[in-house]
Amino acid sequence: MTGLRVENLSYAYGARQALDRVSFRVEPGTFCALLGPNGAGKSTLFALLTRLFAAPQGRIGIAGHDMARAPRQALRQMGVVFQQPTLDLDLTVQCNLSYFAALHGLRGARAQARIEAALERLEMRGRLGERVRDLNGGHRRRLEIARSLIHHPKVLLLDEPTVGLDAATRRAITAHVHDLSRRKGLTVLWATHLTDEIDDADQLLILHRGRLTEDGTARQLRGGLGLADHFLRLTGEAA
Amino acid sequence: MMDWLAALTAITQREALRFIGQRGRFVAALVRPMLWLVVFAAGFRAALGLSITPPYATYTTYEVYIVPGLCGMILLFNGMQSSLSMVYDREMGSMRLLLTSPLPRWWLLVCRLLASTAISILQVYVFLGLAALFGIRFSWGGYAALLPALVPAGLMLGALGLALSSVIRQLENFAGVMNFVIFPMFFLSTALYPLWKMAESSALLRDICAVNPFSQAVELIRFALYQQLNAAALAWVLLSGLVWLGLAVWGYDPERGLIRKAGKPG
Ligand SMILES: Nc1ncnc2c1ncn2[C@@H]1O[C@H](COP(=O)(O)OP(=O)(O)OP(=O)(O)O)[C@@H](O)[C@H]1O
Ligand SMILES: [Mg+2]
Chain S
1 MTGLRVENLS
11 YAYGARQALD
21 RVSFRVEPGT
31 FCALLGPNGA
41 GKSTLFALLT
51 RLFAAPQGRI
61 GIAGHDMARA
71 PRQALRQMGV
81 VFQQPTLDLD
91 LTVQCNLSYF
101 AALHGLRGAR
111 AQARIEAALE
121 RLEMRGRLGE
131 RVRDLNGGHR
141 RRLEIARSLI
151 HHPKVLLLDE
161 PTVGLDAATR
171 RAITAHVHDL
181 SRRKGLTVLW
191 ATHLTDEIDD
201 ADQLLILHRG
211 RLTEDGTARQ
221 LRGGLGLADH
231 FLRLTGEAA
Chain U
1 MMDWLAALTA
11 ITQREALRFI
21 GQRGRFVAAL
31 VRPMLWLVVF
41 AAGFRAALGL
51 SITPPYATYT
61 TYEVYIVPGL
71 CGMILLFNGM
81 QSSLSMVYDR
91 EMGSMRLLLT
101 SPLPRWWLLV
111 CRLLASTAIS
121 ILQVYVFLGL
131 AALFGIRFSW
141 GGYAALLPAL
151 VPAGLMLGAL
161 GLALSSVIRQ
171 LENFAGVMNF
181 VIFPMFFLST
191 ALYPLWKMAE
201 SSALLRDICA
211 VNPFSQAVEL
221 IRFALYQQLN
231 AAALAWVLLS
241 GLVWLGLAVW
251 GYDPERGLIR
261 KAGKPG
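In the order they appear, the protein sequences are chains S and U.
Residue 177 in UniProt numbering sits at position 177 of the first sequence, and the numbers go up by one each step.
Residue 71 in UniProt numbering sits at position 71 of the second sequence, and the numbers go up by one each step.
Think of the hints as simulated: they come from the structure by calculation, not from any bench.
Every residue, glycine too, gets a C-beta built ideally from N, C-alpha and C.
Wrong hints could be hidden among the right ones.
Reference excerpt, derived from the structure (chain U facing chain S, CB under 7 Å, subset only) [stated by the list, open to error]:
id, residue
1, Asp-3
2, Ala-10
3, Gly-93
4, Leu-97
5, Glu-255
This is chain S alone, in the form it adopts within the complex (with noise of 0.2 Å):
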């Protein structure tokens, strides 16, 4: 059991339901869009699988790590970057990193190797020492995105990891993140409600009002259309 595996997971805040009975598998070296819209409950999903609350029923895999019985080997492996942005403004590259290291049983040189490799990958070797209030918009969302790797995660989690950004470092951002699945053998799951940061052979879930409604890869479920049309025809009037 490799990858992610997520069973029957379902959930509700009170009477409103977010996720209905979903599950879906993602393997090594896969990059899985979940794809939907406002509202469907793609950051529910990221906290049960970040163990942020627990599901009252269904199970959740972490390279072959039972999130409810072994946590903290499911963690290990898990990297993530949250919706919102989660660094401390006020501190440097280097602090935000030497910090998260830290959290993941990494010191020393060791962990100033790994960051300098992380930073390395995006290309940002040489902000190490600014101020991440200093940095813009996609320079801090990289940063993340390095900051998640530094742990050597065998599985990503991104939960719209490319809002706010321009077209051109959207582009950068979601190439970059393709290729680490495709190299380093990540397993790689995108939250998003855009179209074009899939390519086609990407496996693509959608999720809609708290059910996979499709799961498959995107050449296949969009057919003839375009993945755009495709997408709005399924969910088109929530929109």
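Please build the complex by placing chain U with the ligands on the supplied structure of chain S, with the hints as guidance.
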């Protein structure tokens, strides 16, 4: 085990760096008790005669009487502010990041508490230094004996904030917490008036003050400043601190916890 210590060091370091960065917060935290000391206490000096009760061995002026209460005030405000801001304000994200660490949750929460308490204690000493400039001084032994009293008092009040942050949804902003938690705790305590003074106005008031854990924290601090141990106050502080911490750990437990109520999961 090394991982646990590394996390503690990192969390404390972050708290210290953030604190240095936020001069406004630092100044506000000092201006508040200084105003009480300089304006309020001076005005009351004549109006309030204080009889000689332990730990005081001689007649004491009101300014001297309220210093422990103001130390407690610093711990109370900081404890609430750092815990609650973590969950509400922009900080919700940093709490989530913290909770994705593979270390046990209770330890992460304890680290947060220790870190914010360390910062509070630093502020208490800066306040005492300022008070000394105004002529309100204690013995060096008293200043030293204060440290072991500030640690449990600060942890208890920080744990209270953490517990509130995890279970109470209504108190969504700091103003709400001020009105419903901080002010009642502060005014219905021995911070401003001793118990016997409260008893003069009502027995009920005195009883409320006596059981208020904040009073116990203040008394612990007061006795420590005179190099005495108030064992009953210490016991009460530790006990209530453990209750708050237990509540906080429960509140942040993903199975039973109520953190999901705290807002959008984003
Ligand atoms: N704390 C909460 N209490 C009650 N309902 C909530 C809460 N958080 C989310 N919801 C509801 O649950 C549903 C799913 O929300 P969620 O945030 O998971 O959607 P999303 O797909 O991430 O949307 P977006 O694209 O806007 O980020 C929505 O209808 C939302 O209103
Ligand atoms: Mg969302």
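Run the structure past the numbered hints and jot down the numbers of the failing ones, going up. Violated: none.
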